[in-house]
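If you want the building blocks of each chain, they are given just below.
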Amino acid sequence: MENLVKLTIDGVSVEVPAGTTVLEAAKKAGINIPTLCYLKDINQIGACRMCVVDTGARAFGAACVLPVAPGMNVKTNTPKLRDARRVNLELLLSNHDKKCLSCHRNQNCELQQMCMDLGVDDEDRFAGKMNSYDIDDLSPSIVRNNNKCILCRRCVAACNNTQAVGVIGPVNRGFKTEIKSAWGQSLSEVACINCGQCIAACPTGALYEKDGTKDVWDMLADDEVITVVQPAPAVRAALGEEFGMPMGTSVTGKLAAALRRLGFNKVFDTDWGADLTIMEEGTELLGRLKNGGTLPMITSCSPGWIKFCETYYPEFIPNLSSCKSPHEMEGAMIKSYWAEKEGIDPHKIRVISVMPCTAKKFEAKRPELGHDGMADVDAVVTTRELARMIKEAGIDFVNLPDEDFDSVMGESSGAGVIFGATGGVMEAALRTVYEKVTGETLNPVEFHEVRGIQGVKEATVKVGDLDVAVAIAHGTANAAKLLDSIKAGEKNYTFIEVMGCPGGCVTGGGQPIVSAQKRMEIDPKVVRAKALYDEDAGKPVRKSHENESVMAAYRDYLGEPNSHKAHELLHTTYVARAKYSK
Amino acid sequence: MPDNKEKYAKLQESIAKHKGERGAVMPVLQEAMNIFGYVPQDVQEMIADGLGTTLSEVYGVSTFYSQFSLEPKGEHVIGVCLGTACYVKGSQKVLDRISEELKIEVGRTTKDGKFTLNATRCLGACGLAPVMMIGDEVYGRLTPDEVPGILAKY
Numbered sequence: 001m002e003n004l005v006k007l008t009i010d011g012v013s014v015e016v017p018a019g020t021t022v023l024e025a026a027k028k029a030g031i032n033i034p035t036l037c038y039l040k041d042i043n044q045i046g047a048c049r050m051c052v053v054d055t056g057a058r059a060f061g062a063a064c065v066l067p068v069a070p071g072m073n074v075k076t077n078t079p080k081l082r083d084a085r086r087v088n089l090e091l092l093l094s095n096h097d098k099k100c101l102s103c104h105r106n107q108n109c110e111l112q113q114m115c116m117d118l119g120v121d122d123e124d125r126f127a128g129k130m131n132s133y134d135i136d137d138l139s140p141s142i143v144r145n146n147n148k149c150i151l152c153r154r155c156v157a158a159c160n161n162t163q164a165v166g167v168i169g170p171v172n173r174g175f176k177t178e179i180k181s182a183w184g185q186s187l188s189e190v191a192c193i194n195c196g197q198c199i200a201a202c203p204t205g206a207l208y209e210k211d212g213t214k215d216v217w218d219m220l221a222d223d224e225v226i227t228v229v230q231p232a233p234a235v236r237a238a239l240g241e242e243f244g245m246p247m248g249t250s251v252t253g254k255l256a257a258a259l260r261r262l263g264f265n266k267v268f269d270t271d272w273g274a275d276l277t278i279m280e281e282g283t284e285l286l287g288r289l290k291n292g293g294t295l296p297m298i299t300s301c302s303p304g305w306i307k308f309c310e311t312y313y314p315e316f317i318p319n320l321s322s323c324k325s326p327h328e329m330e331g332a333m334i335k336s337y338w339a340e341k342e343g344i345d346p347h348k349i350r351v352i353s354v355m356p357c358t359a360k361k362f363e364a365k366r367p368e369l370g371h372d373g374m375a376d377v378d379a380v381v382t383t384r385e386l387a388r389m390i391k392e393a394g395i396d397f398v399n400l401p402d403e404d405f406d407s408v409m410g411e412s413s414g415a416g417v418i419f420g421a422t423g424g425v426m427e428a429a430l431r432t433v434y435e436k437v438t439g440e441t442l443n444p445v446e447f448h449e450v451r452g453i454q455g456v457k458e459a460t461v462k463v464g465d466l467d468v469a470v471a472i473a474h475g476t477a478n479a480a481k482l483l484d485s486i487k488a489g490e491k492n493y494t495f496i497e498v499m500g501c502p503g504g505c506v507t508g509g510g511q512p513i514v515s516a517q518k519r520m521e522i523d524p525k526v527v528r529a530k531a532l533y534d535e536d537a538g539k540p541v542r543k544s545h546e547n548e549s550v551m552a553a554y555r556d557y558l559g560e561p562n563s564h565k566a567h568e569l570l571h572t573t574y575v576a577r578a579k580y581s582k
Numbered sequence: 583m584p585d586n587k588e589k590y591a592k593l594q595e596s597i598a599k600h601k602g603e604r605g606a607v608m609p610v611l612q613e614a615m616n617i618f619g620y621v622p623q624d625v626q627e628m629i630a631d632g633l634g635t636t637l638s639e640v641y642g643v644s645t646f647y648s649q650f651s652l653e654p655k656g657e658h659v660i661g662v663c664l665g666t667a668c669y670v671k672g673s674q675k676v677l678d679r680i681s682e683e684l685k686i687e688v689g690r691t692t693k694d695g696k697f698t699l700n701a702t703r704c705l706g707a708c709g710l711a712p713v714m715m716i717g718d719e720v721y722g723r724l725t726p727d728e729v730p731g732i733l734a735k736y
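Going down the list, the sequences are from chains S and R. At position 466 of the first sequence the residue is numbered 466 (my numbering), and the sequence of numbers has no breaks. At position 36 of the second sequence the residue is numbered 618 (my numbering), and the sequence of numbers has no breaks.
So that you can see chain R by itself, here it is in the shape it has in the complex:
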């Protein structure tokens, strides 16, 4: 696939740029996230070999920080705010309902690749609590019962 070839070439560029730097695994993983949307095994192997470190090291970093994803993101990324205001207003129940509707745990992607479900920190829209975002769209003053209707739009 020419598309993928280009992606791997970009990854190699990033590796070459950071090689020899202290703590190079972090920025390269970040760039890999930007290029691929996630960091699968072959990408991590390429990073390990390219930077002269071990796959264990790269994998350890990629599982330590929540910003790295080991599986591809869905077409629509749902972020349910678990910040203080939203939490107090019942966002956990909204999150649980979405999880139930989509049959996935938080952090995972549906089998059809349509949705990824994340719990987020404060989204900065506390006045609308509880809040979630799907892609760039903001949904406020949510109740669990509204969830199926909203999901059906996608």
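Only chain S is shown next, with the shape it has when bound in the complex:
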């Protein structure tokens, strides 16, 4: 039995489990206490003092870290509290650049929202000395502008705790305090994995993706090149949010329509590349099992995870699947198979990927991901950037008709669709591996044991006579835990899926940003994933090896999975990276 605590908040009686914070209890009583540094499950440190409440104690308490007590009588809305919060905000504004009009987060900024909600009527009330910081835009993925930073430390918590990377932190003290990397190094110099979870955590515009839209607009305006676009699975599960649609709305058809209206010459789908990945990766796994290769084999779709492994766990590099990630595979196929088929000079093709991910920007620049002097992918924009492009082009997204992707690389199975959620790559692989090994038809097609948002999931899957021990981790801190347990000899698996971001790609660092208040009501990891699983369930083809156009690519061009040609185009190598740079 759960130990329940009864208390009163603004005259409303609530009963909540012991250990609940006053902030959460108030939510239950229908009261949204303002917050800034609080981010559910990530940062609960009571630093910003926006959530102060009056419990009759000598001093106001921070509701986000104040546990409920029996009989507590909490007031959240008194003149003194409102004043305290407003002064707090005005002091934050005294060292904030307040350039809202040109800010990426304009109208989606928690600081701005808070100023509106709490009635700040003079942003310069405490005008005085301000810090001025250089913008760090040297990373291929992430830009930090500390002129907008309010020192809430949400990014620090995401980097350190959720991702076990910890390359940013508070430096100096008092007015000189700044969030940055040690020794003043740029994010491009430290062992940042480019995952962008810091961006997703930021309440203001201090962190954002390195802009790729200008390059893409230039490509679209260039008549000499052929632009081929491919959106990742997770994009369709979240893009609608940027246009006011409810979280969890799948916008696949509108996505294809919008890309076509932006003027891309071909609108393909990375889901096709995902199906191709399963053919290669599944075959690789069976090969390793048969030939005594390195096990467990670990998936390689997530570039944040890959850089994490290369930097922090290089001893596991032999365990990484040699498969390129789906959009890189598709890029390579666009510039070889498709170019040949269409009689187009591949040097004239520009492949543009729309990704839920900031690390894909780094990945696309990896020198090994290309052939014949061409990069497999020429530009990467995030879901957020695509939304900006659609708005800039004046496209009425919400009222677009549903359209299909172009053939041949627009056709996909349900297995390709679920790649965007944690456990999805594993499930997609199992569907194919099971049928390849047993020769039987899988029924039911779902593997529910690998779904869900538990940090580390484990299952033993019977594939014919084979017991395949699998594990799934999402968020690199969870991956670290999993790898540590393997290193310690406590665990033993055959096949592991790792996605760098918690929740997988649906909650990647390039996805629409969900405010802290919203995250208290709804878990984007669950709701967006459901959009993908629903889409999978509604697909006529649900297994990668039944994707007819992928099979045609093998028949007409690649030969067998893991063939020499497939290896040349679809597989890659990794490098151990130093944790510290001099």
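Just so you know, these hints were derived from the structure itself, not from any lab. The reader is advised that the hints may include incorrect statements.
In silico EDC-like links for lysine to aspartate or glutamate, alpha-carbon gap of 20 Å or less [to be verified]:
1) K579/S - E639/R
2) K582/S - D136/S
3) K579/S - E682/R
4) K341/S - E682/R
5) K210/S - D727/R
6) K28/S - E2/S
7) K176/S - E653/R
8) K176/S - E639/R
9) K582/S - D624/R
10) K582/S - E639/R
11) K655/R - D631/R
Starting from the known structure of chain S, arrange chain R on it as the hints suggest.
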């Protein structure tokens, strides 16, 4: 360098002693200060790896507290008292003059490694205000014009 090797061995000892303790970064940084006189990047990296924390954490602590120095201290450490009595008696002007003469900001070390300039809290010699110390030597009732002559002695 055998000398340095010994220093790093001492640092490792300190890390081993404090590993697993809550808040271990502080005492290890303090001991590193005693061993090296400052806490450079490679020392901080060793502390981070040794204690199983991040360089960001160690660097954050080392920049938060003024007792930690990121650069080597000069041969002679100057401490100008900015306590109330000395301040009232004009020690800021003395400090500014030293800063001007040595061409360094407060907290920094001269290029030749000879002087480090610090501003300190009360040195407990208010009767002699304004006061400064160079090494263990105390100079009292100072005027800015005396500064060049005093510095020339070193």
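Now for the hints, and whether the structure bears them out:
no.	hint	result
1	K579/S - E639/R	holds, 15 Å
2	K582/S - D136/S	holds, 18 Å
3	K579/S - E682/R	violated, 40 Å
4	K341/S - E682/R	violated, 74 Å
5	K210/S - D727/R	violated, 54 Å
6	K28/S - E2/S	holds, 17 Å
7	K176/S - E653/R	holds, 19 Å
8	K176/S - E639/R	holds, 17 Å
9	K582/S - D624/R	holds, 9 Å
10	K582/S - E639/R	holds, 18 Å
11	K655/R - D631/R	violated, 25 Å
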